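Protein chains in written order, with our numbering: chain A, 1 to 327; chain B, 1001 to 1327.
Treat the hints as calculated values from the structure; they're not laboratory data.
Predicted, not measured: the structure shown is a model, and the values here were computed from it.
There could be a bad hint or two in this list.
[Said to hold, decoys possible] Quick look at which bits of chain A chain B covers, simulated, 3 or more residues with Cβ under 8 Å:
#1 12-19
#2 88-95
#3 154-160
#4 217-229
[Said to hold, decoys possible] List time: in silico SDA-like cross-link candidates among lysine to any residue, alpha-carbon distance up to 25 Å:
#5 A:K239 <-> B:P1286
#6 B:K1239 <-> A:W281
#7 A:K63 <-> A:N34
#8 A:K63 <-> B:K1293
#9 A:K239 <-> B:D1284
#10 A:K294 <-> B:K1239
#11 B:K1293 <-> A:E128
By construction, the Cβ of each residue, glycine as well, lies at the ideal position given by its N, Cα and C atoms.
Below are the chains, spelled out letter by letter.
Protein chains: 2
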Amino acid sequence: MKAATFITGAAGFIGSNLADRLLANGETVVGYDNFSTGREEFLAAAIRQPHFRLVRGDILDEKALTAAMEGCARVIHFAANADVRFGLEHPERDLQQNTLGTFRVLEAMRACGIRDIGFASTGSVYGETSVIPTPEDAPMPVQTSLYGASKLAGEALISAYAEGYGFRARIFRFVSILGPRYTHGHVFDFCRKLGENPKVLQVLGDGTARKSYLTVEDCLDAVLTVFAQTSGGEKTGAKGFTRIYNLGTDEYCQVNDSVGWICAVLGLKPERQFTGGDRGWIGDNPFIFLDTKKIRSLGWKPRFTIRQGVEATVAWLKANPWVFSPR
Amino acid sequence: MKAATFITGAAGFIGSNLADRLLANGETVVGYDNFSTGREEFLAAAIRQPHFRLVRGDILDEKALTAAMEGCARVIHFAANADVRFGLEHPERDLQQNTLGTFRVLEAMRACGIRDIGFASTGSVYGETSVIPTPEDAPMPVQTSLYGASKLAGEALISAYAEGYGFRARIFRFVSILGPRYTHGHVFDFCRKLGENPKVLQVLGDGTARKSYLTVEDCLDAVLTVFAQTSGGEKTGAKGFTRIYNLGTDEYCQVNDSVGWICAVLGLKPERQFTGGDRGWIGDNPFIFLDTKKIRSLGWKPRFTIRQGVEATVAWLKANPWVFSPR
């Protein structure tokens, strides 16, 4: 049996999908989550598996984190405050949960002698880059959100640990991820609002913002492809490394497109009310589109289009209305 | 009388030189320092000035920081752990003092309604870039030191505050700074070692590393040039901005050159013992050379060569041997 994968944020959207995927592959998983946004329901299948262990804890609690991590072979660090939009309302949250939290994960790994890490970063680290589609080595950007800043800081810490302590780091810059267990972001917001009032839909901005999405299935295919190609002593040696990959599709859509697909699945024709302006909130980026040549060069490619991802997400939300209820 | 400039790290090498410079210009200065590495002696002249106020405090103490900052017009944030070499021995120090510390400064500013900030960042944020001389918009680098990571995170936070809260940010990526009150770095280490044993000098690495330096006088000229050209309501408006400038000379030297200049000033001919390898320590960068076209386009240029800077620094250290003594 392979040594365990430790997943932070294991009860979250992407983390719980990863847990299920690894367990289905016969792997052993230790899931760690503080359930601040994670859902017990997302681990309902995992906790019935003999090779899954769930530990309730906060990544900022370094002692508990270290104890839980002991004996694992690798860490996939997905725990984060993923709420890019409301950063300015509580400016310390991203710093604590995404930057300090990543530091605690790195220190726990160092204490446990674990050097293999995967990290969920974000295309938001590119700020409002002038290079679109944006490659991993885009010109050094200016940060426009506390979320992007906190994730860039997390990347920087991980890279310094790779150089200084021989960590083997895989950093993934995600576009927005869609799919089963999706619980925040624009598709979620639109579906919730349409559930409350099917006749009117308020859209932040003017509806022309261009965004990229990727399904959680394709996202995890990419993460596991990278791990498969960068693991094993012969391949990686004793020296640390930092590999950075954009994850996204080769397309983007407008918010208006997405609204149309959502309404079609729900069978609704609401009046669209736009708040106006080319961005939904301060620090919102009106055009996100990542260059994914690098991850594609490893043989990965997405199986689903953005439209398929949006439609599947709406279908899942429709079948799981409980996720809209406060816990 | 102009409203006060608040200097964090005011008792440090660069901070105390800035305080003296502003006071000589007739400006009002509030200096803030926890004296962890700052020296009271460096403020001996400043504290005799009526327009100078010294507040002893830690930047991590947000309450004290906010109280001290009240009523100031702008903040020049120089307080930092500037010890790039020993980061791996205490990995949380850079994060706390440089990243968290910068966050506390930003929050104190927000509480006081101050939006103008200057920040001492570092050429270390470029890691081991492939583009030399390195411009501000170099390809996104991989961090190689906890120091560089912590400063990049500080930059990122400041930029997010510029976007989100309308801060007017000037970020300076320094090469190593030389001159009076210089108290850490290779010239300091070499002079200290030669004071202890004038016959043998141990040099980290193989002596061929290429490094850039700038004098503190030229550095402060540049900082004040940028502030002069980016201040005042008509010029800057209500919207925030982030301006990033490399600061350095248009030359570099080898460690061996520098050793020669130091020994010549001291009248010594020690045997050089090299520890070997192309870098002095893990995360050391064997070639640092910044492109300074951007700051030069504002009319600034350095007045001193690297050699002059090294020689002046050695002369100052020779005249101030007390800085080698533990406090």
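Identify every previously stated hint that the structure contradicts and give their numbers, smallest first.
Violated: hints 1, 4, 8 and 10.
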